[in-house]
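So the sequence lines, in the order shown, correspond to chains A and B.
Oh and the first sequence: position 22 is 22 in my numbering, straight run, nothing missing.
For my numbering, count along the second sequence from 1 and bump the result up by 1000.
Keep in mind the hints are simulated off the structure, nothing from the lab.
What you are looking at is a predicted structure, and each value in this text was computed from that prediction instead of being measured.
Glycine included, each C-beta is placed from N, C-alpha and C at the ideal position.
One or more of the hints may lead you astray.
The list that follows gives simulated cross-link-like pairs (lysine-lysine, DSBU-like), each with its CA atoms no further than 35 Å apart [as the list claims (entries may be wrong)]:
#	chain 1	residue 1	chain 2	residue 2
1	A	K22	B	K1046
2	B	K1236	B	K1081
3	A	K22	B	K1266
Simulated restraints, written as ranges between beta carbons of each label pair [what the hints assert, rightly or not]:
#	chain 1	residue 1	chain 2	residue 2	range
4	A	E16	B	L1053	38 to 46 Å
5	B	F1191	A	L60	36 to 44 Å
6	B	P1049	A	L60	55 to 63 Å
7	B	K1266	A	L60	33 to 41 Å
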Amino acid sequence: MLPEERELALNPIVQESVQHNKRTLLNTRNMTASLFGVAAGTLGLESYPGFLFYAVLSVLVSALVHFVAADGRPERYFYRPGRELWAGEVLGPLSSYVLTWTLFYGLVRA
Amino acid sequence: MAPPVAQTIHRDPALFYWILLPITVVMIFTGILRHYAQTLLQSGPKKQPVRLLRQQRSLMRGVNLRTNANVLSPSSFQTRKAYLVSAFQDGAFLADPENRGKPRGNPMSDPAMMEGMMGGMKANVAMMVPQTLIMGWINAFFSGFVISAFAPARLVKLPFPLTPQFKSMLQSGVGTRDLDVRWVSSMSWYFLTLFGLQPVYTFILGNNNAASQVTQQMAQMNPGAGMMGPDQDPDKLFLSEAENLEVVEHRWILDGVEDRLLARSK
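One chain only, chain A, in its complex shape:
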């Protein structure tokens, strides 16, 4: 038997926990994306600075999850932290960011 299979047999990956972690991360991303949209709209950011704002802040959120929530050891919670924590879901949170951004941009800028 291969060493990785042996390792997996000894320390199994529980599917339920993996899904729970993924869901928590996705929820966090969505909520913060909406709030960042509010901020961007209120600040009156336009096209490129607006998306840059989103990119920077979502990296900030990932860093916060990495250092504060996962105590600097994300491999305990995620199977492949690089792929899931840093480069995870983009389309869902981006669309809610754009939604609240447009809403508040229209509201505030009048």
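Chain B: place on chain A using the hints.
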């Protein structure tokens, strides 16, 4: 062409309350409605005869034994394996022992398959119909702002620029032609909310909700998760499973556990 001037148009604030908010509220509620409608419309699992169930479950038992073999002690694993292999080869779990050697009948004549396919199509219809309804409604009510009571003709300014090709789609119902693309009509607000509210649905309805578009598309791609059994000859399935069981190499995970425990507590 003249350089595009920054166009700021004075907008009646009442416009905002009467259009943006109703559309958003309606979309949230129809999403929730769609979720509950689909949950209620779902027919439960069909009651199957005992022999069919036993056939399917015993096959699953063989697969489970193979997957989790290493958790069992060697003697326990060997006992189960011997029993299952002999039972599979004798066809003790078959639903239809007389039809053992014959080829399978036409799948379309099997009523169980039709039920499965109809269930999938019902889900699709339940998703498409409300969307088209809402689009039609919005088109009817919220179009043609130039002639409406509110002075300005457009709704919301998009914070980011789009190519001119989007103009015809997003500014339907607005009279002027050379309006900057960034000013969009209510139809585009509909599209924005369509995509942007999916995280909200996930948050409100929990995962596995029927209002989220992404899960819909994924469900369309896995239609036959439970329908593989009747398609293939169960006898062949049993025999192949018996062969797979024979070749399993058993490495008990408690092998050497004393060393691992001591190493960890060092």
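Consistency of the hints with the structure:
1. A:K22 - B:K1046: 32 Å, holds
2. B:K1236 - B:K1081: 18 Å, holds
3. A:K22 - B:K1266: 34 Å, holds
4. A:E16 - B:L1053: 38 to 46 Å: 26 Å, violated
5. B:F1191 - A:L60: 36 to 44 Å: Violated, at about 29 Å.
6. B:P1049 - A:L60: 55 to 63 Å: 58 Å, holds
7. B:K1266 - A:L60: 33 to 41 Å: 40 Å, holds
The structure shown violates the earlier hints numbered 4 and 5.
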